[in-house]
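Starting from the given sequences, assemble the full structure and let the hints guide the process.
Chains as they are written, first to last, in the working numbering: chain D, 1 to 333; chain W, 1 to 333; chain R, 1 to 333; chain B, 1 to 333.
A hint or two may mislead.
Since copy identity is lost for identical chains, a pair holds within one copy or between any two.
[To be verified] SDA-like cross-link-like pairs, simulated, lysine to any residue; straight-line CA separation at most 25 Å: (1) 253 to 278; (2) 253 to 272; (3) 217 to 140; (4) 253 to 292.
Keep in mind the hints are simulated off the structure, nothing from the lab.
There are 4 protein chains.
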Amino acid sequence: MELDLQRYSVRTDLAVESREMLAGQEPVQIPGVVENIQQEDGIRITRLDVQNEAGAERIGRVKGHYITLEVPELRKGDTGLQEQVAAVFAREFEQFMQHIGLGPKSSVLIVGLGNWNVTPDSLGPLVVENVMVTRHYFELMPDRVAPGYRQISAVAPGVLGLTGIESSEIVQGIVERTRPDAIVAIDALASRSLERVNTTIQIADIGIHPGSGIGNKRRGLTKEILGVPCIAIGVPTVCYASTIVNNAIEMMKSHFAQETKQSGHIMGMLHDIPEQERLALVKEVLEPLGHDLIVTPKEIDEFIEDIANIVATGLNAALHEAVDPGNAGAYTH
Amino acid sequence: MELDLQRYSVRTDLAVESREMLAGQEPVQIPGVVENIQQEDGIRITRLDVQNEAGAERIGRVKGHYITLEVPELRKGDTGLQEQVAAVFAREFEQFMQHIGLGPKSSVLIVGLGNWNVTPDSLGPLVVENVMVTRHYFELMPDRVAPGYRQISAVAPGVLGLTGIESSEIVQGIVERTRPDAIVAIDALASRSLERVNTTIQIADIGIHPGSGIGNKRRGLTKEILGVPCIAIGVPTVCYASTIVNNAIEMMKSHFAQETKQSGHIMGMLHDIPEQERLALVKEVLEPLGHDLIVTPKEIDEFIEDIANIVATGLNAALHEAVDPGNAGAYTH
Amino acid sequence: MELDLQRYSVRTDLAVESREMLAGQEPVQIPGVVENIQQEDGIRITRLDVQNEAGAERIGRVKGHYITLEVPELRKGDTGLQEQVAAVFAREFEQFMQHIGLGPKSSVLIVGLGNWNVTPDSLGPLVVENVMVTRHYFELMPDRVAPGYRQISAVAPGVLGLTGIESSEIVQGIVERTRPDAIVAIDALASRSLERVNTTIQIADIGIHPGSGIGNKRRGLTKEILGVPCIAIGVPTVCYASTIVNNAIEMMKSHFAQETKQSGHIMGMLHDIPEQERLALVKEVLEPLGHDLIVTPKEIDEFIEDIANIVATGLNAALHEAVDPGNAGAYTH
Amino acid sequence: MELDLQRYSVRTDLAVESREMLAGQEPVQIPGVVENIQQEDGIRITRLDVQNEAGAERIGRVKGHYITLEVPELRKGDTGLQEQVAAVFAREFEQFMQHIGLGPKSSVLIVGLGNWNVTPDSLGPLVVENVMVTRHYFELMPDRVAPGYRQISAVAPGVLGLTGIESSEIVQGIVERTRPDAIVAIDALASRSLERVNTTIQIADIGIHPGSGIGNKRRGLTKEILGVPCIAIGVPTVCYASTIVNNAIEMMKSHFAQETKQSGHIMGMLHDIPEQERLALVKEVLEPLGHDLIVTPKEIDEFIEDIANIVATGLNAALHEAVDPGNAGAYTH
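Structure below.
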């Protein structure tokens with residue numbers, strides 16, 4: 001049985017998952033990758049700097065800065081926790097902007113990628129609907145804009161199947177005409193773990209790369225293409241059925257190893273083969289039967305609204321000095 | 001490791017899946033269960049009569065008549081196939097009504113169970129929005145109703161969490177006041193197989209039983225409770241993550257058995273334990289980690305609209321002689 | 001030119017408008033009608049008690065208690081004002097309940113009348129989606145309900161054209177099964193003044209009468225029919241084109257009278273004919289041309305959501321002692 | 001009483017209404033304006049060519065070609081009539097494109113102006129969702145596009161208040177990157193007559209001008225700005241309250257003139273003053289009281305969906321030779 005392992009590689013858009021997949025094989029410290037993990041009231045913050053090409057290759061991620069907030073409890077719908085996550089997100093995003101050299105006056109174009117007709121892919125458009133835009137005030141009556149506000153514009157460019165145009169091209173056209181200092185692109189992602197779906201937010205200064213996100217972009221949104229820095233905010237909202245299965249087998253392996261010391265006996269050869277090969281096996285079995293669907297939790301309607309609110313509230317507070325997480329929510333629906 | 005197998009039994013609302021689970025253990029013919037399978041242009045029609053208590057116990061389903069349409073290609077969004085399925089559904093539903101003794105003049109109350117705010121649970125309310133209701137014409141101007149129409153009313157009673165009242169009680173109150181001859185209840189179901197999600201329609205004369213469907217009813221909609229026959233139409237729109245995993249392991253088992261003659265070697269003990277026990281294993285591993293979510297395909301928004309249209313178009317054609325599948329679609333949105 | 005004045009009578013569902021129409025003809029005090037007007041931070045509160053049949057006939061309203069909140073600024077979308085109106089509404093509604101003899105433990109069924117597919121008629125269903133229902137907790141685990149909560153259920157029965165059943169009959173069926181102590185019915189109304197649309201809330205203990213509201217009910221929801229008191233909450237969301245025109249002519253009359261002392265000269269016979277006759281004229285002209293449409297402000301989507309939130313927040317605070325206007329909003333979307 | 005007549009001029013986006021307002025004063029033939037009216041199965045087709053500046057000034061419309069379809073019965077929701085209007089629209093649009101020199105291979109960018117959150121302003125985005133886009137097939141696999149299809153792309157650029165960017169600028173950016181041969185811009189309009197709302201479709205080769213449509217654009221979409229021809233498709237979906245009143249007074253005037261020969265007596269000075277002055281009067285009275293709202297018929301949700309379907313179906317048939325009105329509907333939702 002010959003397997004095309006490349007084709008079957010684990011599909012994830014999250015740096016923490018790439019890191020995690022090395023966990024078994026790698027030393028605590030991966031050369032070229034600086035990692036810092038902080039736990040704060042149920043929110044796990046992982047700051048990951050991929051500093052050079054060696055590190056990038058090792059971890060399988062583009063060079064850049066990554067911040068991930070993981071909040072397993074987020075799925076319970078607790079309003080208090082949601083506000084707290086928005087506040088932490090605002091703080092981290094603000095620091096991130098400073099870290100990559102964006103000053104408090106730099107203008108920002110927020111880009112909501114995805115398809116508003118496909119609930120798990122509607123995160124970007126939903127965030128765009130809930131952020132405070134101010135650019136038109138700066139354009140039309142610059143003298144009357146109160147201090148503490150930044151110049152913000154926002155668009156939801158739609159998806160290729162509905163527009164016939166790559167979202168990347170639409171954004172490029174808008175950037176050329178409106179000349180923002182930076183882009184913030186929001187996109188729904190695929191995770192390799194069902195547990196992270198709708199509970200994780202990733203911030204990265206690497207932009208959007210072809211093939212990432214749910215909608216399978218063919219062209220990216222990067223500094224190289226757009227001429228200005230592009231910060232990507234991503235939230236996993238879907239999972240492949242195959243990665244759920246693969247992940248479950250992995251969990252069974254550790255579970256039995258711990259409990260019975262005889263996982264090998266229970267799991268047979270499945271115990272010994274490396275993850276990537278096992279995933280290939282799972283996919284080979286599921287795909288011909290049409291079982292390798294992309295799935296999302298049943299409660300996606302509510303989850304996506306909650307997390308879009310968190311991101312929009314956090315962005316409003318981070319981007320405008322005059323707005324803080326306490327009142328930022330008032331600007332969202 | 002002690003397992004509560006009852007608690008961990010495979011969750012399915014489909015009779016064909018109950019049948020399928022016996023496939024390994026049972027002879028071709030289960031006593032008390034009459035089965036008839038027909039293949040028709042990509043539509044597999046299974047007619048299953050559970051004739052007595054012995055059969056009911058064996059197969060794990062309430063005594064009654066079950067018809068299932070399985071259309072694997074339905075997920076591809078082909079309008080032509082959708083129309084064909086609506087026509088077959090209309091024909092089968094009409095025969096089913098005759099079979100259980102409902103005449104062409106009997107009045108029907110259509111009940112759309114489920115929650116319109118939760119996309120995979122919104123099938124019932126969506127069907128209700130698209131069926132032709134005529135009862136008010138019969139009430140207000142009985143002389144002017146054209147021949148070929150039946151007296152139809154339709155309600156979407158909502159879910160317990162939004163109304164504070166069991167949908168069963170709401171329906172009972174309406175039945176007592178409006179006295180229909182029969183109930184047709186539409187509900188979104190859970191399947192044990194991701195493949196059947198949004199590709200399968202089940203018709204049964206057993207009504208709705210407590211705990212069935214997505215919304216976990218505490219009281220049923222049955223002839224015993226309502227005093228009139230209740231036909232249930234169900235479409236699986238979700239799956240438990242655990243059943244996806246369990247199903248995948250099952251498929252791997254057959255796959256390797258076929259291919260390498262050494263499945264036991266590859267799968268270890270997983271190969272030998274019975275399905276129910278294996279599912280218990282999977283659940284035990286997934287649940288504490290919050291991984292046993294209920295999931296639905298990413299494209300659920302479109303699927304649910306398509307299948308609601310098929311059911312509504314089919315019902316309109318089956319319930320009114322004056323409507324045929326060709327023009328029935330005109331009455332749906 | 002013969003006019004059927006009955007047919008052409010001004011269409012309004014608001015007691016304050018009935019009162020207003022008498023303003024020119026009547027003394028300050030109408031016998032059998034006790035009136036009390038209070039101004040409070042931009043909210044005009046009119047309490048009107050129609051005490052006997054003489055008063056009822058005079059004012060053209062059913063005997064009963066009416067409270068109206070008029071908030072002209074409400075249309076500006078100010079969140080602060082919205083919260084204030086919710087608080088005043090909560091206070092008035094609570095007093096109203098005491099006034100008509102409903103104690104703090106009485107159970108309530110909230111009925112959201114109207115059609116969720118017709119934006120200006122969707123007020124009732126929207127309120128139902130945003131009220132806290134608790135009845136199921138009282139039913140399932142009565143010992144564990146915290147003090148300060150009342151037993152609340154809520155339904156949106158739909159409209160005749162979609163269900164084939166009068167909403168009144170559906171509610172009656174539910175009342176007979178669930179036995180609430182009182183009904184609170186929310187309905188969208190027609191106003192005679194565009195100015196009052198989406199800025200006015202009326203509370204009345206008269207229930208819902210046939211022909212009232214947008215959806216033209218044929219049967220009512222009253223104590224006589226339901227056996228329990230029915231409080232109606234109404235918000236005008238539409239206007240007839242003819243009443244806009246008639247109203248404008250009335251305004252022109254006063255305007256010119258004030259400004260030029262020669263309104264009669266400017267307006268001709270239009271100045272002298274009584275309001276009802278003038279409206280008949282206007283309708284006679286508009287109707288054959290299909291101009292007498294029912295209209296709603298362009299911004300209806302936002303208005304209806306805002307006012308539904310105010311009513312739901314106010315009801316939550318008024319019905320549950322444990323909830324106050326400050327935290328009641330948290331329960332609405 | 002001094003009136004700023006400019007400010008109070010009748011607000012209409014329809015050429016037929018500009019023409020109509022001259023009807024009393026002008027000869028049958030306005031110099032520089034060629035008019036052709038055709039009646040066809042309940043559809044009134046007016047073709048109006050404003051040929052020179054003199055004509056443009058006279059009629060108060062930009063030089064260009066205008067086609068208007070008026071279908072008073074459209075509001076009744078008859079599916080057959082809707083299909084017929086779509087077919088006539090397709091035919092007229094196809095001829096219009098030829099007339100202004102666009103060949104069958106010219107590529108088109110469809111622009112849906114307006115705000116999807118404001119029902120009467122959502123026409124443009126709704127049409128965009130329902131047109132067949134093909135540009136990506138031409139880009140990605142030009143050899144495999146079947147003959148009979150044109151290169152179509154489509155965007156809904158949003159509104160200034162939600163994006164912070166003029167829709168004109170967004171479109172300009174996209175045009176510069178994707179280089180279509182022509183633009184087709186769809187916009188919801190204001191009419192001076194309630195009767196025309198949702199029953200009229202205007203096609204014009206003048207593009208979109210600042211201040212037109214519901215959303216009050218500050219910059220236009222014209223050939224001068226975009227470098228390529230821009231065809232505007234407009235449907236009136238709203239009316240000012242003041243124009244309803246003014247129109248009604250006008251109708252009353254003709255009505256009484258016809259019926260009693262004494263309109264002057266009935267209407268007083270209102271009878272004699274010119275339309276523009278009368279409108280100024282009406283506005284002066286309504287505005288300070290907040291009564292001059294923009295209104296839309298109560299049934300706007302259904303109307304807007306129906307008319308968006310007609311326009312999208314018509315465009316699909318007109319733009320692709322391989323699509324005809326009979327099958328074009330299949331591509332819309």
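How the hints compare with the structure:
1. 253 to 278: both (12 Å within a copy, 14 Å between copies)
2. 253 to 272: Both ways: residue 253 and residue 272 sit 10 Å apart in one copy and 17 Å across, limit 25 Å.
3. 217 to 140: between (35 Å within a copy, 13 Å between copies)
4. 253 to 292: both (22 Å within a copy, 17 Å between copies)
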